[in-house]
Amino acid sequence: MAQPERPLSPFMQYRWQYTNTLSILHRITGILLSLCFFVLVYWLAAAASGPERYATALAALGSPLVVPLLLGGLFSFCYHLLNGIRHLFWDAGYGFELPVARKSGWAAAIGAVVLTAVLWIVLGASLGGAA
Amino acid sequence: MSLRSPLGRVLGLGSAKGGSGHWYSQRVTAVALVILGSWFIASLVMLGAGASHAAVTGWLHSPFSAVMALLLVAVTAYHAQLGLQVVFEDYISDKGTRLVVLVALKFALVVAALIGILAVLRIAFGAQA
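Protein chains in written order, with my numbering: chain A, 6 to 136; chain B, 47 to 175.
Source of the hints: derived by calculation from the structure; they are not laboratory data.
Values in this document were obtained by computation on a predicted structure and should not be read as measured data.
Among the clues, some could well be false.
To be verified - Only some residues are given here: those of chain A computed to face chain B with a beta carbon under 10 Å: (1) Glu-57; (2) Tyr-59; (3) Ile-90; (4) Gly-100.
Claimed, not checked - Listing some non-contacts, in silico: residues in chain A with all C-beta distances to chain B over 10 Å: (5) Arg-32; (6) Gly-67; (7) Leu-93.
Backbone N, C-alpha and C fix where the C-beta goes; we use that ideal spot for every residue, glycine too.
Please build the complete structure, drawing on both the sequences and the hints.
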C-alpha cells in the first residue's frame with residue numbers, strides 16, 4: 006500500500022526567498038565574527054608581547070591567504086551590525102509590515118556591501134600611506 | 047479536584063523550560079556591541095591597517111580606549127557564547143555531544159576573553175612605548 010500524503014514540515018515546503026537568505030546570512034556572519042574574536046585576541050596578545058611578536062602577528066595577518074578572510078570578517082561585521090539593528094527594531098515591535106521589512110532588508114544588504122567597500126578602501130589607503 | 051489553576055498546571059511542561067534570560071541578554075549585549083563594535087572599527091580606521099606597535103600601545107594606553115577595549119572583549123565573548131549556543135542547539139541533536147560541545151564552547155570563549163583582557167591590561171599599565 007502506498008504511503009498516504011503526509012504533511013511536510015514548514016522548512017520542507019517554503020520557497021527560497023529574500024527573508025530566509027538574510028536570516029541565514031545573519032547566522033553565518035555571526036559564526037564568522039565569533040572566529041574573528043579569536044583573531045582580535047591574537048592581535049591584542051601579540052601587541053602586549055612586544056614589538057617583535059607584534060611584527061610577526063602583523064605579517065601573519067597580512068599574508069595573502071589571511072587578507073581575504075579579514076575582508077570576509079569585515080563584511081560579516083558590517084552585515085551583522087546593520088541586520089542586527091533591524092532585528093532589534095523587530096524585537097521592539099517595529100518594521101514587521103512586508104514593504105518595510107523588504108526595504109530594511111535591502112538596506113541592510115546593500116548598506117553592508119557599501120560600508121565594507123568604503124572601510125576596505127580607507128584601510129587599504131592607510132596601508133599604502135604607511136609603506 | 048485539583049485547586050491548581052489551569053496556568054499553574056502547564057507551567058514548565060514545555061520543551062523549552064527557560065530562555066527569556068538568554069534572549070534578553072543577547073539583545074542587551076547586541077545594543078552594547080553596536081556602540082563598542084563601531085568604536086573599534088573607527089579606531090582601526092584611525093590607527094590604519096598595519097599600525098605600528100607604538101601606535102597600538104599608545105592607543106590602548108589611554109584609559110578611555112582601554113576601558114572600551116576591555117568591554118569589547120568581554121561583551122563580544124558573552125554575545126558569541128549566547129549566539130553560538132543557539133546554533134549548536136539547533137544542529138546537534140545528540141544530547142551528550144551537545145552538552146560536551148556547549149561546555150567546550152564556554153571554556154574556549156572564557157579563556158580567549160581572559161587572554162584578551164590580560165593583554166589590554168598589560169598594555170594599559172605597561173610603560174608607554
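Could you check the structure against the hints above and give me the numbers of any it violates, in ascending order?
-> Checked against the structure, the hints that fail are numbers 4, 5, 6, 7, while the rest are satisfied.
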